[in-house]
Amino acid sequence: GEDVEQSLFLSVREGDSSVINCTYTDSSSTYLYWYKQEPGAGLQLLTYIFSNMDMKQDQRLTVLLNKKDKHLSLRIADTQTGDSAIYFCAESFFESNYQLIWGAGTKLIIKP
Amino acid sequence: EAGVAQSPRYKIIEKRQSVAFWCNPISGHATLYWYQQILGQGPKLLIQFQNNGVVDDSQLPKDRFSAERLKGVDSTLKIQPAKLEDSAVYLCASSFEGSGRAFDEQYFGPGTRLTVT
Numbered sequence: 001g002e003d004v005e006q007s008l009f010l011s012v013r014e015g016d017s018s019v020i021n022c023t024y025t026d027s028s029s030t031y032l033y034w035y036k037q038e039p040g041a042g043l044q045l046l047t048y049i050f051s052n053m054d055m056k057q058d059q060r061l062t063v064l065l066n067k068k069d070k071h072l073s074l075r076i077a078d079t080q081t082g083d084s085a086i087y088f089c090a091e092s093f094f095e096s097n098y099q100l101i102w103g104a105g106t107k108l109i110i111k112p
Numbered sequence: 001e002a003g004v005a006q007s008p009r010y011k012i013i014e015k016r017q018s019v020a021f022w023c024n025p026i027s028g029h030a031t032l033y034w035y036q037q038i039l040g041q042g043p044k045l046l047i048q049f050q051n052n053g054v055v056d057d058s059q060l061p062k063d064r065f066s067a068e069r070l071k072g073v074d075s076t077l078k079i080q081p082a083k084l085e086d087s088a089v090y091l092c093a094s095s096f097e098g099s100g101r102a103f104d105e106q107y108f109g110p111g112t113r114l115t116v117t
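Taken in order, these protein sequences are the chains called A and B.
For the first sequence, the positions run 1 to 112 when my numbering is used.
For the second sequence, the positions run 1 to 117 when my numbering is used.
The following block holds chain A by itself, in its conformation from the complex:
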């Protein structure tokens, strides 16, 4: 079935790297997304990756995709207090008419 799973919380120290993990359902044609939701704000697309890629890097963000294990991760280097938010993993694929299938979100907590 369609299911995207993520752990609910992650706590890291300021300046460390954060790694947020997600598992997704399999499809021959899948886009995978990371969205950020700050309190009182809408969802913001951080980055996305197509399933024929293994990695994508954008400044402090690195996305790694393990297709064999259907595992996606988001690494945030040098985590800052402004990174405190809920991070949602989502996927879309042909069979879902490319509608977004969402995880429950991982709340990133930054310790000073």
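Honestly, I wouldn't trust all of these hints.
For lysine to aspartate or glutamate, the following EDC-like pairs were computed, each having C-alpha atoms within a straight-line distance of at most 16 angstroms [to be verified]:
| # | chain 1 | residue 1 | chain 2 | residue 2 |
| --- | --- | --- | --- | --- |
| 1 | B | K78 | B | D57 |
| 2 | A | K36 | B | E105 |
| 3 | B | K44 | A | D54 |
| 4 | A | K67 | A | D54 |
| 5 | B | K44 | A | E5 |
Please keep in mind that the hints were generated in silico from the structure rather than gathered at the bench.
The hints should help you fit chain B onto chain A, whose structure is shown.
Structure of chain B alone, referenced to chain A:
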């Protein structure tokens, strides 16, 4: 460029009352989405419009929820009568194309937080 606008930002009503939310998408975006986000969960798609036509409303509880996008621009989502379990954040999003396009970024509004007492 202005983002997706939603109003009101907050609403508190009693159960069995009615409520309406308004959304104005980004100018030129053909596709508009309404999502329900219950605390601790990811967004759930309620309805998707392409211009002024409905693409998917399979998860819309049609006995109490209704939505329209009459002129293919702004949209209204209504709940009548509200139940306690409708307490959630209602998010509106828009995209340039949508509707089966492989990648089409969705832009989200700030949401309306509804509390039903």
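Hints violated by the structure (numbers, ascending)
3
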